[in-house]
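Taking the hints into account, I'd like the entire structure generated from these sequences.
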Amino acid sequence: PTTIRLARRLVDLVPSGLEHVFFSDNGATAVEVALKMALQYWRQRSDPRPDKTTYLALGDAYHGDTLGSVSVGGVERFHAMFQPLLFEVLRAPAPDMYRLPTGITREGALVHYLAAVECILAAQHARIAAVIVEPLVQAAAGMLMHPPGYLRGLRELTRRHDVLLIADEVAVGFGRTGRMFACEHEQVTPDLLCLAKGLTGGYMPVAATLATDEIWRAFLGTYAESKTFFHGHTYGGNPLGAAVGLAAIDYLIDHKLSVRAAELGDYLRAKLRELDSPLIKDVRGKGLFIGVEVDPRRVTARAVCESLLGHGVLSKDTHGTVIRFAPPLTIAREELDIAVDALAAALAEHE
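Counting from 1, position 303 in the sequence shown corresponds to residue 426 in this note's numbering; the numbering is continuous, with no gaps.
Keep in mind that the hints were calculated from the coordinates and are not lab data. These figures come from a predicted structure and were not determined experimentally. We treat Cβ as the ideally placed atom computed from N, Cα and C, and that holds for glycine. Don't take every hint at face value.
Below, simulated DMTMM-like cross-link-like pairs (lysine to aspartate or glutamate); rule was C-alpha separation at most 20 Å, straight line [as the list claims (entries may be wrong)]:
1. K404 x E472
2. K439 x D188
3. K439 x D460
4. K320 x D148
5. K159 x E307
6. K379 x E457
7. K350 x D174
8. K159 x E230
9. K394 x D373
10. K379 x D405
11. K159 x D174
12. K350 x D135
13. K159 x E337
14. K404 x E386
15. K320 x D285
16. K379 x D389
17. K379 x E458
18. K350 x D336
19. K404 x D464
20. K404 x E429
21. K394 x E307
22. K379 x D170
23. K404 x D389
24. K159 x D336
25. K379 x E397
26. K320 x E337
27. K404 x D336
28. K439 x D183
29. K394 x D464
30. K320 x D464
31. K394 x D377
32. K379 x E307
33. K439 x E472
34. K159 x D170
35. K320 x D405
Per label pair, the in silico range of CB-to-CB distance [what the hints assert, rightly or not]:
36. V234 x F210: 28 to 36 Å
37. G435 x H356: 47 to 55 Å
38. R456 x K350: 29 to 37 Å
39. A239 x E211: 12 to 20 Å
40. T225 x D188: 33 to 41 Å
Rendered as structure tokens:
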């Protein structure tokens, strides 16, 4: 019963139209499930499209460490070793607002990046099962921020070309970006939604893949038709994990942590931008998901993170040049001040 209650709660919370839940135990598995569901859906729906067997993903994407999620991932240092095991994936350029292509302005970035996706979809849609995206922010890519409207544009393009949209909200879901789900920022409902991490506040390994009614119906049939989604997961729907998930969601809502993340994120970015250091090249992010880009000619992000540790602050270097801040949504403003002061001291050690 606890698992049923969590499923009901998730359906009530997520963008409208995602009415069915499949539980697993981590973000990579949630993505793996979505990839398999997408392929099986095209083969089993009333007018099958068996040629739809590939995926379109973004450059520098990160979706986890199982073989399917690694295949759609695009971070070379994580995945090069396993290349012989991976399946083919079509790749669109990462919509990076910091490192824009030559001749492309910030004002023209949205049109440029969506045109690149449309070019691929127009030519290859007959064999593409789904587009997969980390909405708004690509964390492992260096806290790369998508231009406003990009997610909405992807939704429109995938509908136009009869391709599914998978939103991987493992990192950005449950209040992290200032809304309960990142898709809400652009009023987007994907066909498949992947959740984990914040679902239990990190206390229990629980993940969920949510699907639309249209996708779910493609798996209905008699025993002889064998339309079942054969992805048996030992810990899927674990009742203890579900209880923790329900408690975490209650806490998020009761304490308005999404609103808090938006307010504290604005505060933290403003404080970081006030730092007078020649090593800082950019500060960017959404909610309490923030990256500080440092000048790679003068210092590495890893070196700064090691110095930060010496000042009592845990951080993570990302993509070689970015220090990532993803503090608990319950963090106090005074603790953010401590972190900013620590960063100032750490940077001063390398100037």
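Checking against the hints above, which ones are violated?
Those not satisfied are hints 5, 8, 9, 10, 12, 14, 15, 21, 22, 25, 26, 27, 30, 31, 35, 37, 38.
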